[in-house]
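Between the sequences and the hints, there should be enough to build the whole structure, so can you do that?
As you go down the protein sequences, you meet chains A and P in turn.
Per my numbering, residue -4 is the first one in the first sequence, and the count goes up by one each step.
Per my numbering, residue 28 is the first one in the second sequence, and the count goes up by one each step.
It is possible that some hints are incorrect.
[Said to hold, decoys possible] Derived DSSO-like pairs: lysine-lysine, alpha-carbon spacing no greater than 30 Å straight-line:
#, chain 1, residue 1, chain 2, residue 2
1, A, Lys191, A, Lys215
2, A, Lys100, P, Lys123
3, A, Lys162, P, Lys96
4, A, Lys68, P, Lys121
5, P, Lys128, A, Lys244
Don't read these hints as lab results, they were simulated from the structure.
What you are looking at is a predicted structure, and each value in this text was computed from that prediction instead of being measured.
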Amino acid sequence: MSEVENLVIVGSGPSGYTAAIYAARAQLNPIIYEGSVTAGGALMNTTEVENFPGFIDGIMGPDLMDAMRKQAKRFGANLVTDDIVEMDLSGPIKVLKDGSGNTIKAKSVILAMGSAYREIGLENEKRLSGRGVSWCATCDGFFFRDQTIAVVGGGDSAVEEATFLTKFASKVVLIHRRDSLRASKIMAERAFANPKIEMLWNTEVIDVLGAEKVEALSLKNTVTGEVSKRDFTGLFVAIGHDPRNELVKGQVTLDAEGYVVVENGSTRTNLTGVFACGDLVDHTYRQAITAAGTGCQSALDAEKFLSHH
Amino acid sequence: MSAATPVTTANFEEVVLKSSTPVLVDFWAEWCGPCRAVGPILDQIADEHGDKIKIVKLNTDEESAIAIKYGITSIPTLNVFVNGEVVKTIIGAKPKPALLKELEGFI
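Structure follows, in structure tokens:
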């Protein structure tokens, strides 16, 4: 491909798809790289989304993404189910390479790569990943029927996972290193009211034990420093996310936590013609609706930029 | 074009364990997002390398006994069977180039 595209959107999810909808309606003929296995983004691993406006009874995360995808397609966005593996964003013409070896040139790029699950950072967590350690309750919960499992974390996603997992597990212990939850009140109350959920406050997971699969966790009380061992067959990690900045590190300005920095009130990065949206830029809100909002902004910013270049 | 074919408890022994060629079993379920992402990639690999490795899929909802027997706790899990034994386990959805690399010894 030697022609220069107007706009390439890297990443899907609510921000990427919304950017694609707006850009396609603005006749920018955008190409959106959805990701070969990450298409749809974080919402693909969720169940019911109850707070996306317009859906009175809620909607399943994957269904919402499927609908956004179809809407983008309807307006003529070029959807590519592949990964971008390399980007050179420095010049006026941006050069991107995809997982199949194609080179794509573009006048502008919207970064919408989202975020990835954070790991606790234990060696045995990695070793036993998929052998009892999981980051996806909706994918793996089923396999822990009638077992005692642990969820680590204190935010909305941890509480949502713990609540979801009670469908299968006989007991879910929610382990949090503080003495109160960060999760929204409605979610926390739901968890407290659930007889299958036990809260383990002021506790950190310091090791995952088991030869072939998870058998127990080594726990440390963050107040007393006391170390204990408790049997679990599963560990679900929900301690947050980190922005997926690997492809743009060293090119666009990142903040101390690795989020892409955008100019106040816009989606413009430090590089001309490069815009960023969604969880990749958002420390604070991290909602499907806010990601969709900044995705929309990025398409409008790109449209304005392209009208001058 | 060939695609990954379903296996069940009824034909698992015949199709997988007694196969003379390596068999990749994709443990998956309808409601699993990453499984839905990796499915089409496996169909492509089945189409391109079906002569060397047989690619089949096992629905863990419908055939949970087999999933439990092989200790599956996370899906998608891709197990490669040679002569009835699991010789390789790939856990989680991966892009096609990464999967091909994992399967290098078989294709």
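_Which numbered hints fail_ = Nothing - there is no hint that the structure violates, so all of them hold.
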